[in-house]
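Participant: Whenever a hint applies, use it, and build me the whole structure from the sequences.
Protein chains in written order, with my numbering: chain A, 1307 to 1409; chain B, 397 to 601; chain C, 149 to 693.
Think of the hints as simulated: they come from the structure by calculation, not from any bench.
Where a beta carbon is used, it is the ideal one built from N, C-alpha and C, also for glycine.
Honestly, I wouldn't trust all of these hints.
Among the chain C residues that face chain B by a calculated CB cut under 8 Å, a handful are [what the hints assert, rightly or not]:
(1) Phe151
(2) Thr162
(3) Leu163
(4) Gln164
(5) Gly227
(6) Asp271
(7) Gly278
(8) Ile281
(9) Leu293
(10) Ile294
(11) Ile297
(12) Pro305
(13) Val308
(14) Lys314
(15) Ser366
(16) Thr383
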Amino acid sequence: MEGISLNSFLFVGAILFVSGIVCMATKRNLIGILMGVELVLNGANVNLVAFSRYSSIGIDAKFIALFVIVLAAAEAAVALAIALSFYNNHQTIDVDQADELQG
Amino acid sequence: MTIPQILFYIFALVTCGGAIAVVVSQNVVRMAFWLIVSLGSLSGLFFMAHADFVAGAQLLIYVGGTLVLLVFGVMLTASGAQRQLKMSPADGFLAAGVGTVFLTIIMSTVISVDWDGVSKTLTGEVVSQKIPTGYNKGEEGNTIRRLGLGFLGIRADKDLGAPEDKKISTGYLLPFEIVSIHLLVVLIGASYLARAKRKVAPRTN
Amino acid sequence: MNFESLLNKLIEDTLQLSLPLFSAELVLCGTIVLMLLVRLFNADKFLPAYIVSIIGVGISFAIACCDYSKLSTPGFATGEIFTGLLIFDQFTAFFRIFLLLFLTLVICLTELSGIPDREDGPDFYTLLIGSTIGMLLMISANHLLILFIGIEMTSVPSYVLVGFMKGRKKSSEGSLKYVVYGAGTAGVMLYGISLLVGLLGTANFSEMGANLHQILASQSVEGVALAISNPVVGTLLLGIMMVLVGIAFKLSLFPFHFWCPDAFEGASAEVAGYLSVASKGAAFALLVRFCLSIVGDYSSVDQFSNIYLAIGIGLGVIAVVSATYGNLTAYTQNNIKRLFAYSTIAHAGYMLMAVAALMVIMSADSGADINKAELASRCIQGLLYYLTVYMFMNLGAFAIVAFIRNQIFSEDLEDYKGIGKAFPVLGICMGICIFSLVGLPPFGGFFGKFAIFASLYEASTIHWSMFVVLCLAGLNTVFSLYYYVRILKTMFLEERPEGAPDFQSEPNLWNSGYVVIISAPALLLGIFPGRLSSTVQDIASVLFN
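Facilitator: And the structure:
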C-alpha cells in the first residue's frame, strides 16, 4: 500500500536496535545505558507495529507493543531510582566506578 | 513519489538519524535531546503504519513520560565533570564492529525474508496487499475501538459473526489487569529507593 | 456470534473457568493491597507486615495445594485459561506449589534473621510477593506477551530487592549491575519476540509449533536439509536465540551471568537465596514450555530435525560452559555469598543439560526406534527432581549464611573458622546442604544429578555430542567437590583465631530449628526418593500427552 514496504519499517527497527545495542555497549553512564535500552525496545516496537499492519499476526502485535510501552516506563522508573540510590552512595553514576564487587 | 512515501522517508530519516546521534553524542543532555527527537518522530512512523492508538500512546507515555523521567535522571545525577562522556578510539572501533556485525546479521536474515510469502503460507492471502480504507470508514486505520475492546477481553474483530460454538479468541484482559499490580509494586519499590536514607547501622563489612 | 453472546461467553470463561484457577495469584495481589492499607491506617504496630504477608502467602499456598488435588479428580479438564493466555495443568500446579512453599519459607527466614526491620517490612514483602506473582505468570505462560510480562514482573522488583539495603555501597552497586544487564537482555528478548510474532503469525504457544512447521515445510525442498543460509530459517533461529537470551539471563547462564555474583554479594543472604532458587525454578518452567511450543507436534519433525538438533546442541554447549565456568571460578572466592553465586551458575548449567537432552531427543527421526514421549518425560522428571532438592539445599545454605552473619557480622570464608564447633547444628546442616549440592549419595542432590545424567546418556544415542556433555558434567561434579569441602574444612577443622570478635548471642533454638527443617529434606529426599519421583513422573508425562 502507498508504496511503503514492510522491509523499510524493519530496516528502521534494525537501525534502532543496533544503535541501542551499541549505545549499551559503549556508554559508561547509567542513564546513557538506559537510553540504549529504550532504543532497543523501540526497535522491537517498530517491528511489532509493522508486522501488525503487513503480516498475518494482525492487531495482536499492537497489543504487545502497547504493553511494552507500559513496561518500559515501569522499568525506567525503577532504573532511575536505583541510579539515584547509587549516586547517593558513590556521588557518580559512572558504571566504571562500580568496581567494589569483583572476582 | 506519493505523499505518504515522502512523509515516511522524512520520519524514517529523523528516527534513524536521531538514534545514531544518541550513540555518537558525548554529552548526556544531548543524548536525551536526540532520543526525544528520534522517538517522537517514531510515533509519526506508527501513524504511517496505521497504528494510530499506539502512535498516540508513544507520544504521550514514551516521549511525554518515560523520556521526561530520563531527563530528570540526567539533571539529578550529572554534575559538571561527568556530563561529558569520553569515548576512547578503541571503544569507538569496538562499537563500530559490534554495530556492523549485528546489522549484517539482521540484514541477511530479517530483511531478506519473503514476508509476503510467509503470510501467504499461513493465511492463504498476502496481507500487505489488502488496501486499507480511509479513517473512520471501515475498520482499517481506526484501531482504537478494537484495541479498547481487546483490552476488555472481547475480540470483536475476530469473533463477531463467527460460528456460535467457536472458542473465543485471545483477549488481553488478564495482562491489562495484572500490569496494574506490577505498576503498584514498582511504585512502592521506586519510592522506597528514592526516599531519604535513614541512618543504617553497619551490619556486615 | 453477535456481540451479546460474545460478551456472555467471555464472562462465563473468565468468572467460571479462569478466575477460580487463578485464585492463588489473586490472593497474593490482595495481600499486597492489604499491606498498603494496613500501613495507610497506621495499623502496622499491631499487625506487622510479615504477619499479613505470611497469612496471605499461606492461604495462597493452601489454594495451590487444593488446585493440585483437584487435578487428579476425574472429569477435571486442564487446559488454557484466560482465553489462551495462560495454561493450567499439572506442570503449572507443581511449580505453583514449589514457588509458594518456597516463598513461605523465605518469609519465615527473613523474620527469623531480622532483615528487613519493622519499618521497611511492608516494602520488602510487597516486592517479594510482587516478584513471585511474576514468576507464577512465567510458569503458566502460554503466550509470548505473558512470557515478556512475566519476566519483567519478576525482574523489576528483584532489582529493588538487591538494592534494598540502600545505605550500603555494595548493595546499590549490585542492583546497578543487575538492572543494567536485566534491562539490556529484556530489550534483546523483546526484539526476538517481535521477530517470532511476525514470522509465525501468532503469539500463542499452542499454535506456534504448527505454524512453524507450516512455514518451514513451505521453504524446504524434498530431500535437502534446511540450511541456515535460508533467511526464514535464519530469522527463526535469531528470534529463538534472542528469546533464549532473556531466559538465560534469569538462569544466570554463561555468558549472561555477570550480574549474578555481584548482585548476590550486594544483596542480603536472604534475598540472594530467594533469587537463586525461585527465579531459576520459574525460568526453567518457562524454558521448558517455550522449547516444547517451538517443537510443536514432535512426531512430525523429521523434515527439519536439524534445526531442533542445533538448538539442543547449542543449549548443551551453554550448559557445559556454565557448569565449568561456575565451578572453576568458585575456587578462588573468599566471600561465601559470591562462592554460592558461582555455584548457582554451575547448578543452572547442570539443570540446563536436561533441557538440552530434551531438545536432542525431540529432534530424533521418527524412524529411530525410540519412544520420544517416554524419553523426553524422563528429562523433565530429572529437572523437576533436581529443582525440588535444589530448593531445600540452596535455601538451607543461604539461611545458614544469614544466621552466621548475624553472629559474626561477616560473610568472608576466612571468618568462618571454627564456626562449626561453636554452632554444631548450623555446621551439620551446612554439611548436609553441601554434600547434597555436590551430589554425593545418599543425599538428595545425587538422585537429581543421576536422573539428568541418565537422560543425557539416552540422548547421546541420538547425537554423540550429548555424550561429551555427559563426560564434562561428570568431571565438573568432581571439580566442585574441592571448593564445597573447603567450606566445611574451614568451619570444622580450623580453630577460631585468638582475638576474634565474640558471637553476638547464644545459639538460637528457632534458628537451629528452621535450618534443620530446611536441610532435612535434602537428606530425606535422597534416602526416600520414591514418593517424589513418582509424583514428578506423573507431572512430566502430562506434558507429552
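Participant: Hints first: check each against the structure and report whether it holds.
Facilitator: Going down the list of hints, with the structure as the test:
{"no.": "1", "hint": "Phe151", "in the structure": "holds, 7 Å"}
{"no.": "2", "hint": "Thr162", "in the structure": "holds, 7 Å"}
{"no.": "3", "hint": "Leu163", "in the structure": "violated, 11 Å"}
{"no.": "4", "hint": "Gln164", "in the structure": "violated, 13 Å"}
{"no.": "5", "hint": "Gly227", "in the structure": "violated, 10 Å"}
{"no.": "6", "hint": "Asp271", "in the structure": "holds, 4 Å"}
{"no.": "7", "hint": "Gly278", "in the structure": "holds, 3 Å"}
{"no.": "8", "hint": "Ile281", "in the structure": "holds, 6 Å"}
{"no.": "9", "hint": "Leu293", "in the structure": "holds, 6 Å"}
{"no.": "10", "hint": "Ile294", "in the structure": "holds, 7 Å"}
{"no.": "11", "hint": "Ile297", "in the structure": "holds, 6 Å"}
{"no.": "12", "hint": "Pro305", "in the structure": "holds, 5 Å"}
{"no.": "13", "hint": "Val308", "in the structure": "holds, 4 Å"}
{"no.": "14", "hint": "Lys314", "in the structure": "holds, 6 Å"}
{"no.": "15", "hint": "Ser366", "in the structure": "holds, 4 Å"}
{"no.": "16", "hint": "Thr383", "in the structure": "holds, 4 Å"}
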